[in-house]
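**Student:** When you get a sec, could you build the whole thing from the sequences and use the hints?
The sequence shown maps to residues -25 to -1, 1 to 269 in mature numbering (1 follows the signal peptide of the UniProt record, and there is no 0).
Think of the hints as simulated: they come from the structure by calculation, not from any bench.
This one's a predicted model, so the numbers in the text were calculated from it and none came from an experiment.
For each residue, glycine too, the CB sits at the ideal point set by N, CA and C.
Only true hints are included.
What follows is a list of derived Cβ distance ranges for each label pair:
#1 Pro269 x Tyr193: 30 to 40 Å
#2 Gly37 x Val233: 33 to 43 Å
#3 Asn266 x Tyr193: 32 to 42 Å
#4 Gly76 x Asn232: 39 to 49 Å
#5 Pro59 x Asn231: 12 to 22 Å
#6 Val203 x Asn141: 16 to 26 Å
#7 Gly206 x Asn28: 34 to 44 Å
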Amino acid sequence: MRVTRLTWSMLLSASALMMPLSAGAVEFTCWSPGGALLASAAGGYWTAERIANAIPFGETIGRGEGGLSEQRRGLKDTEAERAPINDAPYKFGGKLLFTLGGADYTASAQFVADDRIVMSAAHAAWGNGNQATNIRFYQGYAGGGGTLYQIDRVAVLLRWTEVSGNPPSMARSQFDYSVMRTTAASAVGKYELGIDGAHVDDNVTITGYPGRLDGGEYMYRETARITVQAGTAYDAGPHPMYGGGASGGAWFVTANNVHKAVSVVSSGAPDGVYGPSFTQETADLIAIVKNGCP
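**Tutor:** As structure tokens, this is what we get:
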């Protein structure tokens, strides 16, 4: 593990993404996920049995029914539906497989900003002082089918490692995203990165693999409205994909046939979900990971 502070001059020396980088500094921790049999052929560590037995990972917001407005009680009953996995932008996403603290888990992830960059939730990469290992991205996963991508670098913000042990909250979700690099380029395309790409009263489409729906075997989608934006975090609802497995799934908006990922699933409850609002710091971290965390 390395904890690194990158300055502007260091970022300029890297072959970064074709987007402006901030003059500030990014504090992050970056590692090689390694893991048992990760480099071996075909499925390696992730046999069909391991995938089937992996636990859909997620974090739940502690909202009581009595604290919900009449409006939000009604939103709870909205249904999610299967996403058309072969169509853009859904095909940019897939299931994330990883080991954390000795247990195997699944979450959701997608290609964003670069053909070798995958983004998910930070809590699907780092928790309780542990770094995730055996990380694989199963793009286009559907009923056991899809394309496996190996991951050679993964990073989270240093601030996430300081707050990851706290209960889920909107403030904590500001830092709840991870950036990973694949060893092969995406064959299906990617989301564009949406910096501060959605606001209060905007509708977003949220994707993921909720374990409570079809056993997490298929990507689902839901439409949610952003009700609060505070700091660099969102609160949106409803969230029928609650319950684990959808963590890390993209929140996206589409305009002029351009699909922009504006957040990922952090923590949720049936009536709502938290997620980070991507910033220039997000773009900077993507540039860092793309270049191998120099």
